[in-house]
Structures are given as structure tokens and as C-alpha cells.
Amino acid sequence: MSLDTSKVATSNGATAATAGKPSKLGGVAGWADERLGLAGAMKKNLRKVFPDHWSFMLGEIALWSFVVLLLTGVLLTLWFTPSMGEVHYEGSYDQLRGIEMSEAMASTLNISFDVRGGLLLRQMHHWAAMLFIASMMVHLLRVAFTGAFRKPREVNWVIGCLLLLLGTLEGFTGYSLPDDLLSGTGVRAADGFLKATPVVGSYMSFFLFGGEFPGQAIIPRLYIIHVLLIPGLLLGLIAAHMLLLVYHKHTQWPGPGRTEQNVVGFPMLPVYAAKAGGFFFIVFGVTAIMGGLLSINPVWKFGPYDPTKVTAGSQPDWYMGWPDGLLRIMPGWESVIFGYTISWNVMIPILIVPPTMLVILILLPFIEAWITGDKREHHLLQRPRNAPTRTAVMVSLMTFYGLAWAAGGNDIIAIKFHMSINHITYFMRVMVFLGPAIAFFVTRRWCISLQRHDNEKLLHGYETGIIMRSPEGGYSERHLPISEASAYSLTARDRDEIYTVEGDTDANGVVAPGSRAQAVRAKLSEKMYGYNVQKPTAEEIEEAHHHAEHEHELEAGLDHPADGHQFDGHSDHTVDEAPLRGH
Amino acid sequence: MRLLNRSAGRISRHRRGPAAGLAVLLLGLLLTGGLYTVFAPAQAEKATSDTEAVAEGRKLFLVGCASCHGQNGEGISTVREGYEKGPSLVGVGAAAVDFQVGTGRMPMAQPGSQAPRKTVAYSDEEVAAMAAYVASLAPGPAVPTEEDYSIDGLSADEREEAIVRGGQIFLTNCTACHNFNGSGGAMPRGGYAPSLHGVEGKYIYEALLTGPQAMPNFSNGNLSPEEKRDVIAYLGSIQDTPNYGGFGLGGLGPVSEGMFAWVLGIGGLVGFAVWIAAHTTRSTKVKEGADA
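For the record, the sequence lines run as chains A and B.
Quick note on UniProt numbering: the first sequence kicks off at 1 and runs consecutively.
Quick note on UniProt numbering: the second sequence kicks off at 1 and runs consecutively.
Honestly, the hints are just simulated from the structure, not real lab data.
It should be emphasised that the depicted structure is a prediction, and the values quoted were computed from it without experimental measurement.
Every residue, glycine too, gets a C-beta built ideally from N, C-alpha and C.
Do not take every clue at face value.
[Claimed, not checked] Capping the alpha-carbon separation at 35 angstroms, the derived lysine-lysine pairs in DSBU-like fashion look like this:
1) K416/A with K85/B
2) K309/A with K118/B
3) K59/B with K118/B
4) K416/A with K118/B
5) K527/A with K249/A
6) K535/A with K249/A
7) K85/B with K118/B
8) K535/A with K151/A
9) K151/A with K523/A
[To be verified] Counterexamples of contact, computed for chain A against chain B with all Cβ distances above 10 angstroms:
10) A29
11) L71
12) V199
13) N410
14) F433
15) G435
16) H545
[Unchecked claim] Pair ranges (Cβ atoms, derived):
17) V274/B with T491/A: 22 to 28 angstroms
18) L363/A with T78/B: 37 to 43 angstroms
19) L434/A with K59/B: 46 to 52 angstroms
20) L269/A with G267/B: 28 to 34 angstroms
Kindly generate the complete structure, drawing on both the sequences and the hints.
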């Protein structure tokens with residue numbers, strides 16, 4: 001990429017940059033700098049370079065939807081009453097007028113129908129929450145698939161995982177606040193989860209609800225968790241996440257001129273700030289459009305919560321869907337030990353599997369680093385295909401998540417696709433185990449095939465689509481070499497080194513300490529890398545190119561390399577000048 | 001009072017007269033019959049009123065229904081205990097026929113977990129005739145009239161109260177299967193609670209009364225006729241009121257909301273991200289091909 005730097009600075013030559021007449025803004029900045037001394041820090045950070053790629057903006061969606069959440073959330077608190085005190089609803093919504101409900105529900109209806117723009121705010125807040133967690137997840141997937149969680153970014157990965165957990169809890173506490181039938185059902189389920197905990201379950205439930213469910217305390221408590229505790233933690237962790245991002249500098253895709261030591265991209269000001277700032281308005285706009293046009297959580301149709309009522313289609317918001325799905329497909333196992341019932345049917349899908357999955361997620365970079373024994377810093381990203389095992393593990397986890405998630409909507413799937421809910425349940429019971437295994441195998445082989453394809457491109461060039469016929473009547477496709485830049489990008493990856501144990505016994509036959517762990521590590525490393533395709537060596541590429549030229553000569557029956565355009569009117573260039581597609 | 005006493009006394013003088021027994025008998029019969037007509041369940045009224053319609057209905061029944069329900073509507077059971085080809089229709093009443101045939105559920109196109117609503121196979125008169133025939137087998141619920149399921153006869157205030165009451169009854173008794181919006185829900189083994197959108201009040205009333213397929217029977221003892229009417233009024237009202245939040249996403253709850261968040265929200269925003277990243281900051285447009 002060549003940039004015309006003359007437009008942005010005059011300082012690229014040997015002479016010093018010329019400063020123009022100080023502007024009014026410059027005067028203000030000077031005044032501020034003399035008093036706050038920020039220029040030093042700003043000078044460095046305003047010119048901080050960020051690489052440009054769409055996949056680096058996924059986390060930004062999360063950041064901006066969090067800002068939308070803060071903005072709309074603050075406005076909602078102005079009218080919301082977090083109280084379970086009973087009132088008669090006397091607002092504008094006809095179908096519930098005169099009904100007894102909690103103040104929380106009544107004020108939610110008030111926001112929806114009697115506060116100008118209130119329903120828009122509510123819906124924007126809810127949609128932004130859905131997008132916040134969804135974008136955190138796609139961001140997480142990007143980071144995992146590209147290996148951006150390798151050293152030195154493991155801690156930031158952990159922070160990200162905690163943000164995902166906190167975001168989920170924040171979402172749960174949020175959609176429980178209106179105290180409508182659906183949210184009450186969710187709180188009731190949460191109460192059941194707490195009570196399924198052996199020994200301390202009922203104590204925890206009584207502690208949270210201030211007595212027996214539902215009591216009078218849960219809404220005010222969830223409210224303060226929702227508006228103060230978790231947002232505070234989220235803010236702090238987001239700040240830490242961003243500071244570490246600045247400290248580590250952003251990762252980049254390999255390419256000409258991009259190394260482990262530099263970052264190629266655009267400076268924060270003016271380019272990246274404009275892009276990021278613009279993206280905020282786009283996220284805000286999309287949220288506003290969704291809030292304005294798409295109905296979400298119509299609490300007025302659910303009516304106030306009443307433990308005697310329930311509705312079909314009682315699902316949590318999407319991010320709680322996968323534990324709900326596990327709960328739905330779990331067989332009703334219970335055992336009675338010393339007169340106490342252990343509810344495996346609730347414990348396994350809610351109290352055991354989700355926390356285990358979170359721990360696995362957090363540990364991913366550490367497990368990988370231990371197996372590979374890789375202590376180097378990595379700032380260049382890996383293409384998913386170049387880490388087949390990691391990619392396969394992630395796809396496997398995604399498959400598990402997706403199946404459990406789909407199981408959470410089993411009733412909707414049943415009615416929309418005219419299927420039996422029982423059959424869906426039986427299918428899912430098997431597939432949550434089988435699906436991830438199949439996904440792992442298929443993905444790994446797929447990645448390895450793609451690696452092989454990359455090597456083909458390096459060695460034999462890309463497929464031109466030009467079919468050549470030899471004098472004997474045989475057909476073959478012409479391949480042309482890929483550009484040097486593409487070849488550089490394709491080869492800018494390390495060869496995988498399988499970890500091997502170097503002599504687990506010393507000269508005297510004494511077993512080295514920890515050698516069993518080392519053997520396991522070597523075995524895992526072998527399993528992880530054993531099937532990978534390594535990039536060709538320089539000699540192999542050289543050899544292949546010579547070979548190809550010779551082959552083309554033969555194929556074309558000409559005494560010079562042919563590009564295949566001899567007879568179609570495009571033969572105004574030789575192979576060297578042949579325009580290369582974006583390979 | 002004196003007049004009453006006097007006339008009572010006059011009647012009393014004849015109490016041992018020759019015609020007294022006959023008069024008391026007649027009076028007793030008249031009273032019993034009258035009270036029966038007043039207090040008896042409405043359905044028994046026209047059980048055998050229209051013999052012509054019954055005969056016509058029987059003809060249709062023998063052609064369209066008897067293969068599963070038996071020649072006399074007695075039902076046909078299969079070899080397996082507890083399974084039947086078609087249940088007995090004795091005592092299901094005209095309302096059941098009007099619901100099942102009037103919505104096209106019967107005759108069934110094929111055996112299955114549930115008979116779906118489909119194009120109606122019979123004309124209104126034919127349905128009525130079959131209903132009359134089935135009603136003649138044994139007393140059962142009659143087809144409700146307009147006053148039974150409509151709140152049009154009430155004042156504005158009463159109507160509003162009826163709708164509010166109906167909403168609460170709906171949320172207590174119906175939403176567990178039919179969903180908060182009446183959008184329907186899943187039942188075990190391929191069954192389902194159908195959507196209530198656009199279903200005529202008469203059929204909802206009949207379904208409540210007769211409990212078709214997997215639906216429980218909400219007899220008048222469980223849910224009074226007025227309460228049934230209020231539920232229908234509520235369902236009508238939520239269909240008449242606009243979708244306040246915008247497009248309702250099928251009224252299916254958080255599953256469809258999540259789908260829209262991912263497809264439209266994340267899909268759209270990732271699209272924007274690609275768009276933003278694809279636009280670099282060249283002040284002059286560089287020709288295609290020169291870009292690395």
C-alpha cells in the first residue's frame with residue numbers, strides 16, 4: 001500500500017515540519033496544555049495507529065451499544081419505580097386498567113404509554129442490550145479464531161470473558177425489572193436454580209428474595225444490581241480492556257511491511273477517530289431504528305406477574321437461551337440421598353455445565369500456550385485455517401452452544417416447522433454430544449484442506465479459468481503465479497513445531513521431574529499439530545515455479561511461457577505483465 | 001291483603017271439590033314443565049326439534065363421518081386398548097360439530113397428531129344438518145348465539161370492564177398453551193395449540209365449551225358464559241389495538257426477538273463495519289488494480 005504523505009505532513013523530508021499560523025483552536029489547546037500538561041500524552045496517543053479491518057470493529061459494536069445502554073438506561077431510571085408495592089393501574093392502556101400490579105410494572109406501562117418517547121427508549125435499551133452481548137460474542141469469536149488471545153493478550157481475553165458473563169447477568173437483572181409475567185417467570189426459574197443447589201440452596205434463595213419467593217425485596221435488589229453494581233463493574237472492566245488494547249497495540253493481519261514489531265494502519269486522529277465516531281452514530285441509528293420499528297418485550301400483553309400464570313413461549317432473552325435449552329432437553333433425573341433430593345435435572349444444565357463452559361472459555365489461551373510451549377509475543381494474527389485444531393475446538397464449542405440454544409426454542413421450532421417437540425428433544429439429547437464431535441472433525445479436515453490449497457496457490461499459482469488444449473487434444477487449466485504480496489501474506493506464518501520431550505531420563509537414568517506432564521504435553525502437541533500442512537520452503541517454491549514454466553511451454557507448444565491469451569484479443573502483455581486478480 | 005285472603009279463601013273452599021285433584025295435577029305439570037324450560041341447560045332445547053334436518057344430517061353423516069365415528073356416531077375403537085379410529089359423538093352436541101366441521105378440521109384429511117384448520121368441506125346448511133343429527137343422539141352443548149359471544153350489547157363502560165376481566169381470565173387459563181398473544185404454542189408429540197388470530201368468536205366459544213382435540217373442556221361451571229364472552233372480547237381487543245411497539249415479530253416472545261437481534265442487528269452492523277473498513281482515507285480515488 002502506497003500512501004501519498006504529502007497531503008498530511010511536510011515533514012517527510014530532511015527539513016523540519018513547518019508550523020502554520022496558530023489557529024484559535026491551537027490557542028485554546030495551548031492554554032489547556034500549559035495548565036493540564038496533557039500534550040505529551042495526547043501527542044503520543046492521538047497519533048496512535050490502528051490497523052484497518054472490518055473484523056476489528058466487532059468489539060466496537062459492543063462498546064457503542066454499551067454507550068447506547070448507558071444513555072437510554074439513565075433516561076429510563078427517571079421514570080421507573082423499582083418497587084413491588086401494589087397499585088391499581090390507571091394509565092392509558094385499556095386492557096389492564098384497574099388491574100392490581102406492582103409499582104415496577106405500573107411504571108413500566110407508564111413509560112411505555114404515557115411518557116413521550118418512553119416506549120422508544122425502552123425498546124432501544126432492550127435492543128441495545130441484545131446487540132451488546134451478541135457483539136461481545138462475535139468479537140470473542142474473532143479473537144479466538146485469529147489467535148489474538150495468544151501472549152501477551154491472555155489477560156485481556158479473561159477480562160473479555162468476564163465482560164460477557166457480567167453482560168449476561170446485567171441482561172437478566174434488566175429484563176426481570178418490569179415485573180411482568182415473562183420476567184416473573186424468569187425470576188421464578190432463577191429461584192428454582194438457587195434452590196437446586198445442594199445444602200445451601202434454600203438459604204441462598206431466602207437470602208436473595210428476603211424470604212420466600214417472590215416477597216417484596218427482589219425488584220429493588222435487582223434494580224440496584226442492574227443500575228449500579230454491574231454497570232460499575234462493566235465500566236471498570238471495559239476501561240481495563242481498552243487500556244490493555246492501547247498498551248498491547250492492536251493485532252494486525254500479516255502482509256507486506258507488517259511485522260511483529262510494528263502496526264500498519266491509520267492514526268487515531270483524524271482517521272480512526274472519525275471512523276470509530278461515525279460507527280457510534282451508526283450503532284445508535286441501528287438501535288434507534290430497531291427500537292422504533294420492531295416490538296420487543298411487549299409487557300402490556302404479558303400483564304403483571306402472578307405465580308399462578310404462565311405463557312407459552314416463555315423464553316429468556318437469547319443469551320440465556322442455551323442453559324434454558326440444556327434444561328429443556330435434560331432428562332428428569334433426581335436422586336434422594338439421606339432424605340434430601342438432589343435435582344440433577346436442574347443442577348447439571350444450569351449449575352454445572354454453564355460455569356464449566358465459562359471456565360473452559362477463560363482457560364483456552366492458557367491451555368493452548370501450555371501445549372505449544374510458545375512463549376513468544378504474537379501481534380500478527382493467524383488465519384483460522386492455519387490453526388486447524390484451535391479453529392476446530394472453537395467450532396465444536398459453537399456447535400454445542402448452537403444446539404443447546406436451538407433446544408431453548410424447541411417449542412417455537414415445533415410449531416413453526418410442524419415437528420414434534422418430543423422428537424426435537426430426543427434429537428438434541430444425542431446431538432449435543434455428537435454434534436460437537438462431528439463439527440470438530442469436519443472443521444479440522446476442512447482447515448487442513450484449505451492449508452493445502454494455500455500451498456497449491458504458492459507452488460502452482462492461482463487457477464486462471466483459461467482452459468488450454470494440447471496438440472494431442474488433452475485439456476488443462478492454466479495457472480498463473482500469485483502476486484508477491486499475496487505470496488508474502490500466505491507465507492507469513494510460522495512453521496508449527498511439535499513439542500517433543502528431550503530425554504526424560506538423564507545420563508544416570510534418573511527420570512526428570514515432571515516428565516509425565518511433559519509426555520502428556522508432547523502427545524497433545526502432536527495431536528494438535530501433527531496433521532497440519534506446513535508452508536513450502538523457498539526452494540520448493542522456486543522449484544515449483546521453474547517446473548510450472550516448463551510445463552506451460554509444453555502445454556502451449558510455444559517457445560516462451562504463454563499466458564493463454566494468444567487467441568482472444570487480450571494478448572497485449574506477457575506473463576510478467578499479466579494483471580493479477582486480487583490474490 | 002284482605003283481597004288476597006278473600007280470594008285465597010274462595011279457592012280454599014273448593015279444595016275438596018271433584019275437580020281439585022285434576023287442577024292440582026295440571027298445575028303441577030305446568031309448573032314442572034315451565035320450570036324445566038326456564039332452568040334446564042339451553043342445549044337440551046332443540047334436541048329433536050327439526051326432524052327433517054336430522055334426517056338430512058344423518059345422510060351426510062353416513063357418507064362423511066361414519067367410517068371413523070361409526071354408523072350411529074358410537075365411535076370405532078381399534079384393537080389397541082384405549083385407541084380409537086374416531087371417538088363416540090354421543091352427547092358431544094351441536095357445538096362440537098359446528099366447531100369441528102365449521103372450521104374444516106373435520107373430516108380429517110389424514111390421521112395425524114392433530115387435525116389442522118383447513119378449507120371447509122360443507123356448506124353452512126349441511127353443517128347445521130349434521131349438527132342437528134349429532135345433537136339428536138344425546139343432549140349436548142348447542143351452537144352458541146351471537147349474544148353468547150359478543151359484547152356488542154353492552155354499554156361502553158361494561159365493554160371495557162369485560163375486556164379487562166377477559167384479559168385476566170385469558171392469562172390465567174389460556175396463555176399456557178396459546179401464548180400471551182394468542183399466537184399458539186407447542187403441545188407434546190406434534191400437537192399444538194393453534195393460533196387464535198382471526199378466529200371467529202363463535203368458534204372460540206365452541207372450543208371452550210366442547211374442548212376439541214387436546215384442549216381441556218371449560219364447561220360453564222368452570223368458566224361461566226359471561227367469562228367466555230369476556231375472553232373473546234379481550235382477544236378481539238388485542239387484535240384491534242395497534243402493535244404499539246412496531247412490527248410484532250410474530251408475537252412469539254424472546255425467540256423471535258433474538259433472531260431479529262442477530263440477523264438484522266448484528267448482521268446489519270457487521271455489514272456497516274465491512275463498509276467502513278472498506279473505505280480508506282484517500283483524498284483522490286486510486287484506480288482499481290493499484291490497490292494491494
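Checked hints:
The straight-line distance between the Cα atoms of K416/A and K85/B is roughly 28 angstroms, inside the 35 angstroms bound, and the hint therefore holds. Restraint check for K309/A and K118/B: the C-alpha separation of about 31 angstroms stays at or below 35 angstroms, so the hint holds. A C-alpha spacing of about 23 angstroms is found between K59/B and K118/B, which places the hinted pair at or below 35 angstroms, so the restraint holds. The straight-line distance between the Cα atoms of K416/A and K118/B is roughly 17 angstroms, inside the 35 angstroms bound, and the hint therefore holds.
A hinted pair counts as satisfied when its Cα atoms are at most 35 angstroms apart, and K527/A with K249/A qualifies at roughly 32 angstroms. For a cut-off of 35 angstroms, the pair hint linking K535/A to K249/A stands: about 28 angstroms separates their Cα positions. Restraint check: the Cα-Cα separation between K85/B and K118/B comes to about 20 angstroms, which is no more than 35 angstroms; the hinted pair holds. Our distance criterion of 35 angstroms between C-alpha atoms is met by K535/A and K151/A, whose separation comes to about 23 angstroms.
Between K151/A and K523/A the alpha-carbon distance is near 22 angstroms, which keeps this suggested pair within the 35 angstroms criterion. In this structure A29/A is separated from chain B by more than 10 angstroms, as the shortest Cβ-Cβ distance comes to about 23 angstroms. L71/A, annotated as away from the interface, keeps every beta carbon of chain B farther than 10 angstroms; the closest lies near 17 angstroms. Taking the minimum C-beta to C-beta distance to chain B, about 33 angstroms, the non-interface status of V199/A holds against the 10 angstroms cut.
Here N410/A does not stay apart from chain B, with its beta-carbon only about 7 angstroms from theirs, under the 10 angstroms limit. Every CB of chain B lies more than 10 angstroms from the CB of F433/A, the least distance being 24 angstroms, so the non-interface label holds. With a minimum CB-CB distance of about 19 angstroms to chain B, G435/A clears the 10 angstroms threshold, and the non-interface call stands. For H545/A, the shortest C-beta to C-beta distance to chain B comes to about 21 angstroms, beyond the 10 angstroms cut-off, and the non-interface label holds.
At about 26 angstroms, the CB distance of V274/B to T491/A agrees with the hint of 22 to 28 angstroms. Between L363/A and T78/B the Cβ separation comes to about 58 angstroms, which falls outside the hinted range of 37 to 43 angstroms. Range check, L434/A to K59/B: Cβ separation about 57 angstroms, and the 46 to 52 angstroms hint is violated. In this structure the hint that L269/A and G267/B lie 28 to 34 angstroms apart at CB holds, the actual value being about 31 angstroms.
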